[in-house]
Amino acid sequence: MEVFYADIRLQAICASAREMRKQFGEEGAKKLQLRLQALRVSETLDDLFQMPGRCHPLRGDRAGCHAMDLHQGHRLVFRLMSLEEKIEQGLSEEQAALVIEIVDYHRG
Numbered sequence: 001m002e003v004f005y006a007d008i009r010l011q012a013i014c015a016s017a018r019e020m021r022k023q024f025g026e027e028g029a030k031k032l033q034l035r036l037q038a039l040r041v042s043e044t045l046d047d048l049f050q051m052p053g054r055c056h057p058l059r060g061d062r063a064g065c066h067a068m069d070l071h072q073g074h075r076l077v078f079r080l081m082s083l084e085e086k087i088e089q090g091l092s093e094e095q096a097a098l099v100i101e102i103v104d105y106h107r108g
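Note that our numbering gives residue 7 to position 7 of the sequence shown, counting from 1, and the numbers run on in steps of one.
Treat the hints as calculated values from the structure; they're not laboratory data. Accuracy of the hints is not assured; some may be wrong.
Computed Cβ-Cβ distance ranges for the label pairs, DEER-style [what the hints assert, rightly or not]:
1. 88 x 27: 34 to 40 Å
2. 46 x 71: 22 to 28 Å
3. 94 x 71: 27 to 33 Å
Ideal Cβ placement from N, Cα and C applies to all residues, glycine included.
Whole structure, please, built from the sequences with the hints as guidance.
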């Protein structure tokens, strides 16, 4: 599926191995690269549930989103794009993911 980002800063981090290492360390960067690749090669959300990374749906204020484990509590949070969003991007009916954030939402 195609992968898009919620903002330019997040896109810049995810486009650069150096920025990934700077933000999340060596192991975190490796995991992030693996999870982004999993998103790209998946055709459906169901594919992600079969891959490493423990893709799981979120609840509460993050309902409608999914997360994949990264490193040291960090998660890659994403949601599938709506039909309207895909049309805006000029996409076909294929599924597309919008990466919303990389966060440790259990740390409080």
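> So which hints don't hold here, by number, going up?
Replying inline: none
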